[in-house]
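Number of protein chains: 2
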Amino acid sequence: MVNILHRVGVEAAPAEIYTALTTPEGLAGWWASDTRGKGSDIGGLLQFRFVAGGFDMKVVELTPGEHVRWEVIEGPAEWIGTHIDWKITRADTYTVVLFEHEGWREPVEFMYHCSTKWATFLLSMKSLVETGKGAPDPHDVKIDDWN
Amino acid sequence: MVNILHRVGVEAAPAEIYTALTTPEGLAGWWASDTRGKGSDIGGLLQFRFVAGGFDMKVVELTPGEHVRWEVIEGPAEWIGTHIDWKITRADTYTVVLFEHEGWREPVEFMYHCSTKWATFLLSMKSLVETGKGAPDPHDVKIDDWN
Numbered sequence: 049m050v051n052i053l054h055r056v057g058v059e060a061a062p063a064e065i066y067t068a069l070t071t072p073e074g075l076a077g078w079w080a081s082d083t084r085g086k087g088s089d090i091g092g093l094l095q096f097r098f099v100a101g102g103f104d105m106k107v108v109e110l111t112p113g114e115h116v117r118w119e120v121i122e123g124p125a126e127w128i129g130t131h132i133d134w135k136i137t138r139a140d141t142y143t144v145v146l147f148e149h150e151g152w153r154e155p156v157e158f159m160y161h162c163s164t165k166w167a168t169f170l171l172s173m174k175s176l177v178e179t180g181k182g183a184p185d186p187h188d189v190k191i192d193d194w195n
Numbered sequence: 049m050v051n052i053l054h055r056v057g058v059e060a061a062p063a064e065i066y067t068a069l070t071t072p073e074g075l076a077g078w079w080a081s082d083t084r085g086k087g088s089d090i091g092g093l094l095q096f097r098f099v100a101g102g103f104d105m106k107v108v109e110l111t112p113g114e115h116v117r118w119e120v121i122e123g124p125a126e127w128i129g130t131h132i133d134w135k136i137t138r139a140d141t142y143t144v145v146l147f148e149h150e151g152w153r154e155p156v157e158f159m160y161h162c163s164t165k166w167a168t169f170l171l172s173m174k175s176l177v178e179t180g181k182g183a184p185d186p187h188d189v190k191i192d193d194w195n
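The listed protein sequences correspond, in order, to chains A and B.
By this note's numbering, the letter at position 24 of the first sequence is numbered 72, and the numbering carries on one by one without gaps.
By this note's numbering, the letter at position 65 of the second sequence is numbered 113, and the numbering carries on one by one without gaps.
Derived from the structure by calculation, the hints contain no laboratory data.
This one's a predicted model, so the numbers in the text were calculated from it and none came from an experiment.
Glycine included, C-beta positions come from ideal geometry on N, C-alpha and C.
If a hint is listed, it holds; no wrong ones were tucked in.
Per label pair, the in silico range of CB-to-CB distance: (1) A/Gly180 / B/Gly102: 30 to 38 Å; (2) A/Asp82 / B/Lys190: 25 to 33 Å; (3) B/Lys190 / A/Glu126: 29 to 37 Å; (4) B/Val99 / A/Gly129: 35 to 43 Å; (5) B/His115 / A/Glu114: 37 to 45 Å; (6) A/Asp89 / B/Gly91: 55 to 63 Å.
Next up, chain A with everything else stripped away, as it sits in the complex (with noise of 0.2 Å):
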């Protein structure tokens, strides 16, 4: 198994980086303007819809203000069964975002893609809670041949 790792810190506190995690208008600010679905909740389904294709994700572990994680349960071959896990600490002036794509099964070249793609919308989401203004798809950065 191999992981995609990130980390940002956004000046702003931790419920906002929370809202932007765990509703469906912050999603969309960030990620995918088509989010739909409940993600305050464990159990919740999230759904992402992106130019390319989508991602159902299912809510599997939530903190207020700390953490949240999810599991793929549609979406790429390559990414069912994966977690995404999102951890939030406070440090001085920033909230520190540890974030994990966990349990890729082969460090396939589309997971060199994807762990690039994260970064962008993890600078996404740092720019929408900080500025109010993410860059979701499809006004997303754009990094290479699969978009």
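Position chain B against the provided structure of chain A, taking the given hints into account.
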């Protein structure tokens, strides 16, 4: 051992990316403005100096237009002995760069930071080659309280 993986697609010829990875001028245009040394010979030493510290790399593999590999010989303790690997391949109108920072002993929090930071520098390299303008240190994208 754990690895950082990234993928970017650059609208340019492989030789242009190879130049950005093997010349002090190229490296200074997207990574560290203060870059010295020789990146175009196996065994060459490259010295990168940042606001927050620096790295020395030894060039250990080179295939023009295809492959560049460095070994970290000075820098933060977590980096020493790790390898930075660049594979360049042509795909349609893009040249694809597969990046690995290989051989981290543990997935420490600094690795999460470096993963996100590498993504921003790879996009800086893409921008340099495509437009002539990158975002090297000290004008780099700030991602968190570690810079």
